[in-house]
Amino acid sequence: MKLEIKNVSKKFREKKAVSQFSMELETGQCVGLIGPNGAGKSTLIKIIADILQTDEGEVLLEGKNISKMKREIGYLPQYPNFYEWMTAKETLFFMGQLSGISKKELIRDVPIILAKVGLSDEEDAKIRTFSGGMKQRLGIAQALLHKPAFIVMDEPVSALDPIGRREVLNLIQEIKQETTILLSTHILSDAEEICERFVVIKNGMKIEDTTMLDLISRNSKPVVYLEITHNDKSWVDTVKMLPYVKDAEMTGHKVKITLDDVVKYKNSLIQNALENNVDIIRFEIDKHETLEEIFLKLVVGT
Amino acid sequence: MNSLAVLMKKEYSQVLNDFKVIWLPLVFIFLGTTQPIMTYYLPAILKTLGGAQGISIDPSMTEQTGGQVLAATLGSQFDQLGIMIIVIAMMGLIQSDKSSGMLAFILTRPVTVSSYIGGKLLSNYLLVSISVGIGYVASLLYIHFLFTGIELTLMITALFCYLLWILFCLSFTTMLSAVLNSQALIALIGIITLLICRMLVGLHPVLDVINPAGMSKHAMNLLITGSVGANFSINFFATILWVILTVMFTYHWIVKKKFQPK
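First to last, the sequence lines map onto chains A and B.
For the first sequence, the residue numbers in our numbering are -17 to 284.
For the second sequence, the residue numbers in our numbering are 78 to 339.
No lab work stands behind these hints: they were computed from the structure.
From the three backbone atoms N, C-alpha and C, an ideal C-beta is built for every residue, glycine too.
Honestly, I wouldn't trust all of these hints.
From the structure, some residues in chain B lie toward chain A, with a derived Cβ separation under 8 Å [claimed, not checked]:
(1) Lys97
(2) Lys124
(3) Val188
(4) Ser191
25 Å max Cα-Cα, derived SDA-like pairs, lysine to any residue [as the list claims (entries may be wrong)]:
(5) A:Lys46 <-> B:Pro187
(6) B:Lys86 <-> A:Arg90
(7) A:Lys71 <-> B:Gly210
(8) B:Lys175 <-> B:Asn94
(9) A:Lys117 <-> B:Gly210
(10) A:Lys71 <-> B:Lys333
(11) B:Lys86 <-> B:Gly210
From just these sequences and the hints, can you work out the full model?
Below, the structure is given as structure tokens:
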């Protein structure tokens, strides 16, 4: 099954929330929708979940409009709200029946799914007694219940404390094996952990659609870091003069040196340092920039 | 149809859960019994309390027929406090689902908007009409003891006429609940509009024909004179048309997703 988002635009009064956004999603993928607050992530997710109407463009699942394919979509809102007077089990029966699942199947499946999200002991507890993490897990159970082809999650872990976050991340990691997931987040380490593919959105526009590996290899730089003592500060100026050094920058005791080629010149650099009697405390080759740095550059950068 | 049944079942458990199923009938029992008791004992009360000299009580007041008292129950109790209470009890019908996000959530499932609205209206109309009916019967019991009896068919027809007006009150409140976001505003606009409708009755014949509150007047006429007022059938269809219009407006509002915040 294929999810196509075609040239979707959405305006709220005069403010453009999403403009001309297109992407495709294949079965089995896990895609992270990343962007700063107010970039239009939630709006886009809501359009995919058919909660909001588009001004332009359309969302197709297997070539059919999404509003005719609701059975194939599982949706987890940012703050899943259920009827507080219902128990966890009643909620799943209610949502399940609305999805068109027969009572017989529900009697069989609900305990299984509650066990999967770790709520078996709370199945008869009222939702008003639930913590945020428990509600989120119930939300995931509800999204999984009708075995949809796609699960769409709006900031599944952003509002949770570290424990709840861990619980939900592990759960997503587990269900990832069986379904296609699209999730939005502004917490990059979460996206990094779960997803292979990233779509970066800024001001309602797609500015990057790439895989983790690609993103990192493209952004890795020939940089080495040296930590030296204060007395050797002047050496930095000498380094700048070297033919194979592009740039050298000193912050505190740390020198960031950009080389033409790390593998080729790193030994020469150390040699030069030794010749100048520099007291090296630490020498480090930068593997790559973190996703966070890449993200900042993409979103804030020039 | 299946999801309609599921949504109705959910409405019922909700109504049970917030005890609406108990207090709404109780309120109408109270309102229903107030009128005959007050009418019966008012002369006695005035006599014992009233020191004012020179005021005499019109003897015809104490000689009301059962039909007149029951009509007064509808006109002065149900149509005033009763309507206010119906609006207040029903103002959150869709509004609370909107504000909690449950409406959007439910609509991400393969549920049609018509079964959502249908579930709300059917189940709550049943609750309201049973409450009104119980209050009506309670009033009737006292009238039987304190005044004259009323013909059974007359009494039942009058109740059905009245319940049509109540249906409009409910569908109108539901529409406000879908469109507006503040409960206070829903209550205010709902109560004022419905009370104005009720007050306009009898002001002008043309206005009476299209006024849904005319059904209440017809019910009262039935009880007092034994026959409905003029233009009953036109008023009947006009009221049904009003109900359909409000429901369609609600439907349109939700289908077009205008209920979203922002």
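Evaluated hints:
no.	hint	in the structure
1	Lys97	12 Å, violated
2	Lys124	51 Å, violated
3	Val188	5 Å, holds
4	Ser191	14 Å, violated
5	A:Lys46 <-> B:Pro187	15 Å, holds
6	B:Lys86 <-> A:Arg90	21 Å, holds
7	A:Lys71 <-> B:Gly210	36 Å, violated
8	B:Lys175 <-> B:Asn94	19 Å, holds
9	A:Lys117 <-> B:Gly210	41 Å, violated
10	A:Lys71 <-> B:Lys333	32 Å, violated
11	B:Lys86 <-> B:Gly210	22 Å, holds
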